Every structure is written in structure tokens, then in C-alpha cells.
Amino acid sequence: MLDLFLQQTVNGLALGSTYALVALGLTLIFGVLLIPNFAHGEFYMVGAFLTYALVMAGLNFWLAMALGALAVIALGCLIDLVAFRPLRGAPPLSLMISALAASIILQQTATLIWTSEARTIPTPVTGVLRTPFFIVTWMQVVVMASLILSVAAIWAILNRTRLGLAIRATAQNHDAALLMGISMVQVRLATFAIGAALGAIAGALLGATFPIYPTMGVNPVLKAFVVLVLGGIGSLRGAVLGGLFLGLVEVMVAGYLSTELQDIGAFTLLVLVLLIRPQGFFGTAQVER
Amino acid sequence: MKALRMAAVCLTALGLTMAHAAPALTDEILIGELHPLTGPASFYGIPESRGIQLAVEEINAAGGVRVGDQSQMLRLMTEDDHSTPTAGVAALKKLRAADVRFIIGPLGSGVAPALFPIIDRDSGVTQIVDGTIAEGVTNGRNIFRNQAAVSQYDLAVADLFRSKKYASVAMMTDRFHAGFMGTQPALSETLKSLNATVAAEEYYKLGDTDFSAAMTKLVSLQPEVLLIRGYPAEGALITRQARQLGYEGQVVWEMVSPPSTVLKNISATEMEGVYNCIPPTTEDYIALGQDKALAFDKAYQAKFGTTPGELSTLSYDAVYILKAAFEKAGSTENEAVNAALAAMRPEDVPQLISGYVAHQDGRLFDDVGQVNLRGAVSIWQGEGWVPVPDLAG
Amino acid sequence: MLEISDLRAGYGRMAVLHGLDLTAMPGRPTVVMGANGVGKTTLCRAITGLIPVWSGGIRLDGHDITCLSPAQRVRRGIALVPEGRQVFPDMTVRDNLRLGAYLRGEPGPSDLEQVEALFPILADRRRQTAGLLSGGEQQMLALARALMSRPRLLILDEPSQGLAPKAVAQVAEAVQRISESGVAILLVEQNMTLAETVGEWAVVLQGGRAEVEGPASTVLKSGAVEASYLGH
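Protein chains in written order, with our numbering: chain A, 1 to 289; chain B, 1 to 393; chain C, 1 to 232.
The shape of chain A in the complex, shown without the other chains:
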């Protein structure tokens, strides 16, 4: 019984780290630029497909992932330029519609290029780690390690570089950041680049575990928005802990109640958090300015 519980906990953490990995990029772009970037799921999808294509062309997985991420960075900056920058100062609803449009266009383009058939990237790391208490695949270990590395990298960029200082300033007070002479073009580019790279890396890693297809990004982004609400919008710590928490809840509900309730459990949790603590676990209440 205890074995089973430990195994389910590990399952939950593994699932949760995939949610967190997707949520990181989303929370960054939302936190800094206040853009509900639904197209993040497509950064994730394109990252997965490019990695797949490059691996199929004979490249090493990690090299393919890096090249895929670079291409998605360019895509991210392009999306910002075309879909969001012209809407500066527009109400959030316009941004949301623009994001959805970008997301649909990318999905359809991917369908034209790769068709809608599901496929999986050959796993770079195979095998299973068996301990007396639980079993975990090495690929899951890689995903969890990547989450830790990603968080460390973002933390370092945000807290140890001048650019990071500018990004944090923009997130906290947009106008004041302008008054400091911070260039919004630079901050936007950097934020979209980091966000897109995170999406692409998540896509490549998870595409080696799950099937990839043009609409693969829709569900993870919805889950990532749940994670943001749980953890607090714009909070990196919230994204990580919110993701892990969501994964655990889903697995425990599926494991001990019923698989049919798995999604219902997640969204019930969402409603509860919204009722009890609307700013999320780690978010600070928004002050009207």
C-alpha cells in the first residue's frame, strides 16, 4: 500500500514537472508583458516537430533540441511582432483573440507540413530506474532535471544580469521602467525569446515521451493556465510548485478515486483556489494603480 502511494507520488511529480515546464514560459510572458499567450502551446508543438524532423534527419537529440529551440525563438519574436506589438495598449481581450488567432494559424500550418498523424520522437534516454520503493523512467528523470535547470537558468538571467533587471522592472511597473530608459523593444524580444525557448524545450522533451501532433499544445496550455492560477500569475516559484501540485492531485484522484475524475479533479481545484485565494498560492494581490 505504501509502495503504491510512493509510486503514485513519483508519478504525480513526474506529470507535474511536465506541467511546470510548459507553465514557466507562459508565466514569464504573462508576468512581464501581460499577454495571455495562447500560442505558447504552438511554441511547444513546433519545438517538438522541429526536434522530431531533425532527429529523423540523423541529428543527435540534444543538438536537434537546441536547433529547434533557436528556430522557435525566432518564431516567438515574429509572433510578437505580428500578433502582439501592434496591439500595445489594447484591452486584454484583443490580446487574447490575437493570441488565439496566432495559435490556430500555427496549428493549421503544422498540419499542412506534417499532417495530423501522431508520432513520437525517439527517446534519447531509454530505460527505467527501479528502486525498492518506486519505478521511474530515465526520461522522466531527464524532464525533472530539465525543469530544475530551466528554473535555475531563468533565475540567473533575471537576477544576475542587467537584462534580467530590466525584465523584472518591466514586470513590476511598466511606466516606471520606461522612465528608467529601459527599451521595451529589447525587453519584449528577450522575454519572448526566453518564453519561446522554454516552450520549445518542453515540446522536445515531452515529444520524446508523448505523441506529437499539430494540436498537441492545446491541452498543455490550458493546464498551464490552471497552473498559473494555482501558483499565482507571473511567479516562477508559483509555476513550479503549482505544476507539481496539479500533477500530484491529478494522479492521486485518478489513482485512488477514478480515472474518469482526473480532469474534473483539476478543474474543481481551480475553482476552489479562485474562490479562496484568487491571487494564487504565491501571487501577490494586484493593487489597482
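Please note that the accuracy of each hint is not assured.
According to the in silico footprint, chain C covers these stretches of chain A (three or more CB under 8 Å from chain C) [stated by the list, open to error]: (1) 161-167; (2) 175-186.
Looking from chain A toward chain B, a few residues come up when the C-beta cut is under 10 Å (computed) [unchecked claim]: (3) A14; (4) G247; (5) V251.
EDC-like mimics (lysine to aspartate or glutamate), calculated; alpha carbons at most 20 Å apart, straight line [claimed, not checked]: (6) B:K303 - B:E135; (7) B:K205 - A:D263; (8) B:K205 - A:E260; (9) B:K165 - B:E58; (10) B:K165 - B:D69; (11) B:K303 - B:E57.
FYI, nobody ran anything at the bench for these hints, they're computed from the structure. Nothing here was measured: the structure is a model prediction, and the numbers come from that model. All residues carry an ideal CB built from backbone N, CA and C; glycine is no exception.
Chain A is already provided as a structure; the job is to place chains B and C on it using the hints.
Chains B and C only, in chain A's frame:
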């Protein structure tokens, strides 16, 4: 001069429109086909649509359909149903508006039940379902199906359990698949009657990626068989995650699963020894070296430059069934064609590729319009499915 | 130094400034007085480039800066202490100051020493999060942050807002010392005490225009300010 040219252009345009809008000529039979040509199910739908195109071209090249004492050509009208009920109903309306009276399709288990009540009341149209396996979408009057029903898939599962005497089973079923969900209780009862304990019945949905919770539970129950009912991408993933979590029992699939699709999601070694319980597919008939299937394969590859999908022979067969019905009825009136279909015997359609078995009264379709296309057990060996002819072994 | 001529600006379709003229120069701290909604904050935002100008011109040292970005204006020596202080609440005092010097790269130790000498309280609070400071301390931080860019023109938008009289006096003293160091001051205020202490030249805004202008000692005592509040 300019005005003259303008008038010429207008006249030409008018002429073109007229030609397009002209009602079907008497020596032409209009056939509508309804399949998902875009969207996630298009990799089943496109091969089906192509199978129909191929049959229509063959028939026309051979002089068309002999109705009474005159020959009529077949003309095809293709509609995309995106495999969604709304698009399916819209496509049906479009076909009916163009006065299409014979329809082949759809594929989707979500689309067919949406079309059923409309066509069921419409005596001016005849439908042959060539895709979905959902129950209750035929009526034997004007709606027939030349694809198996889920319950016929389940027969093969029962055969497998009967011969292997499995003691316990856990089922994972796609809960959005109307067909599989429909027969879930009956199958469960059948397996129990064969002395297998149903250790767990779990559900997932299309697009799910993480099954670790259910698989952990399952591994702890150690059932002899893990039966997966749904689509191949999830099937591959569930199989893989179960193995990774230490499941060592027999994995049994119940799903149309082209090896090309399977291998995009799981390695051949991980698939080795998995059973599948479905009626033979296009690829099985080709693998078995059946003459008509080989010819079909050749023609298909020559025309489309790719191998035929799993279900394309069903669609191909459907066109020939319709042709035989027109010829037997000696008419293209729906009532006469329906009667001919209801009375049809498998030997009336020599071109059929699929291995239909006549019902006890010798007919191709039974009273509700269902063919007898029994599921068979195949096993994954090397790079694909191999029929298992002798289950006792 | 700063010359504003016939400035028109507003939000959406609503004009707030209707042809405003104003000058500011070092050694002559200028106070802009006026009732709420008369366009004082709009003026500050237009000078710093946070909102676009509809027509008219803003010139700094004779160069037209009307179309420059906020960053380019900072580079030319304009700094604003915005209304409501607008410090970066989740950052340390030190990071807030670093951001003040953002365009100059990393601030040197002498920059920090200078502002900390001016505002000793900030030296004690270096590692504290700015959001936890008191209102007066935040105002000092906002001032210090603006100074980090080494401005030649310092604009203050209602620095006395929400401050206790003692804190207002501290602000006044700081502004006077900054002015004495050769920085041109443009103080937008409603607080008469601060205006009288700091201002040498006064402008009274009404209806989006400069209604009365002259030496602070005369204008502030003339009743023009009170009149503008009453809407005359």
C-alpha cells in the same frame, strides 16, 4: 471592343456556371462521399476517400454501370466532415441540396450517430457506412454498413480469451469512443462468463498522455491481460507506460492500428507479442497475398504514390456493392436499390476484397443492414501485425 | 533649457492640454500649480515621452525632442519622479537605484555614495524590499532613483502627496540641494508649503493652459492659485 470582350467573358462565365449547375444527366449516377479529409482523423479518412475514387475510376473505365439496358457513368461528389458531428450534418445537407441520393461514409463514430436520424427519415437517400464501428447506426432499410460493428470486434476478443483461458483482465477504454463505450458492459459480461475476473475497468480520452496513475494501480493488481480499446497513439503510449511500470502480462489491443502509425509512437521491440482483435484490414489482405488486394495495392500506389491505408478497401468495396445493387435493381430509384441491397449476397459482388461471410440466410446484410465481418486475432511480430490463424496453438 | 510651446496632448480623444507654454532652467526652480484634472500629470508624461504629443513642441537645449522615445529623453538628461512614487516594489532599494542608472550601465560606488549621502535613510535600507518602505522613504527612493541617471532636468510630480509634514520638509530640503547642484527643477505640486519653499518661478495651470506666470513670491501670494482651484 472593350465591351465586346467583356460580354464574351460574361458569357463564358455564365456558360461555366451553367455547366456546373446543370442537373445530373440521365446517364450519370451521382455518388456522395463523406469522410474527414482534414483534422486529426484524416489519416483514416483520406485513404477511404481515395479507395472510393479508385473504384469509381475503374468502373467508369470499364464502361460504367449497366442499369437496365443502358450504361451510366458514376460521378463522385466529395465532402469533408472533419470527423465532427456539426461538419458532418452540414456536409450531408450540402450533398442532399445537390440532389445526391447515394452516400458512402462516414468514418467517425461521432458523425454517424448524428447523421442517422436524418437519413433514417429520408427515403430519398441510400447510405453505405464504410467507417464507423459504432452500434445502432444502420437500419436495413436505406442504411447499410460494410464495416464491422464493435460487437464483432468483441467476438475476436472472446475467441482469444476462450482459447487462452486467461484468468483476469484489466480494460482501458477511450471514453469518447461511442463504439467501444457502447459494448463495454456486454464485453465485460462476456469475459466474466469465460471465467476471467475483470480486475479493473479504467477510462481515458483521446489526446491523454499520462496514464501512470491508472497503470500503477493496474500493475499492483497484476491482471493476466491488459485490454486496450481506442486509437493507436494512446494504445502505444499505454502499452509503453505499463511496461515501464513493470507490467509483464499480455497486452491485447482492440483497434485499427496501421503499423506505420504504431511505429511512430512505440518501438517494434516493445510491441512484440501484443495481440490485436479486429477484422482483417487492407494491409492484412495484402500481407496474406490475396489477389484482389494485391491488385488494389498496385493501382492505389500507382495513382497516389503511397501505400493504401487500413480501411481503404472497405470504401472500395462499398462502391462495388452500390454498383451491383444498381445493376440488380435495373434502376437508380432509391426504393429499388434499397431492396437490391437488402437481398444481396456476397457472391453477387465478385470484386469485394474484404472477407465478408454470408449471414445464415445467405445474405450480405442482415435485417439491420450489418455485414458479417468477424474480428480476427493477429499478433505483432517484427515490424507489423501477423494473422494468428490457429488460436489453439 | 526646457522650452514647451503650444503643447496639446490628451488621452484617447479627450484633450487635456490645450496649447501650453512653459520654460524651465537651472537656478530657477519652477513650480506648476493647479487644481486636480487640470493637466499637471499629463504635462509630466508628455515631457518624458510616456504619452505622445498631439501638436506643439518640446525643446531641450534648443533641440527638438518632441518625437524621441522615453529612453532617448533620459539619455538627454530628463528624469521624472512620478506621481505616487512608482518604485519597483519587489526589488531591493539597491536594485531600484541600479535601475535609475540603467542607461549608464552599472552605477559606480561614488554614485551610490552620493545619493546615500543625500538620503541617509536609504543607506540603512539598502537590502530591504522597496515595497516595505514607508511613504516618505519611498519618496526619497524615487528621488534618489531619478538622480541616479544624472539628470539635468528633474521633474517631480506631486512629491508631497500622502506624506506627513515632516517628510514634506525633508523632500523640500533635498530638492533645494539638488537645485543648488545645478539641476533644473520642474515641480508640479498642490502643496503650498512645498511650492513656497522650493519655487522661485511659478506657473498656474488652468484649463490646460498656463494662466498666470511670474516670480513665485508674487504669483503664490496673488491669489491666482486659489482662484484656479475655484475655477475662475
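Going through the hints against the structure:
1. 161-167: With 3 residues in contact (Cβ-Cβ under 8 Å with chain C), the coverage given for the stretch 161-167 of chain A holds.
2. 175-186: holds (count 9)
3. A14: holds (7 Å)
4. G247: Where the cut-off is 10 Å and the nearest Cβ of chain B is about 8 Å from G247 of chain A, the hint holds.
5. V251: holds (4 Å)
6. B:K303 - B:E135: violated (34 Å)
7. B:K205 - A:D263: Holds - the C-alpha atoms of D263 of chain A and K205 of chain B are around 10 Å apart, at most 20 Å.
8. B:K205 - A:E260: At roughly 9 Å apart (the allowed maximum being 20 Å), E260 of chain A and K205 of chain B satisfy the hint.
9. B:K165 - B:E58: Roughly 47 Å between the alpha carbons, so the hint for K165 of chain B and E58 of chain B is violated.
10. B:K165 - B:D69: Violated: K165 of chain B and D69 of chain B sit about 58 Å apart, past 20 Å.
11. B:K303 - B:E57: holds (11 Å)
The structure shown violates the earlier hints numbered 6, 9 and 10.
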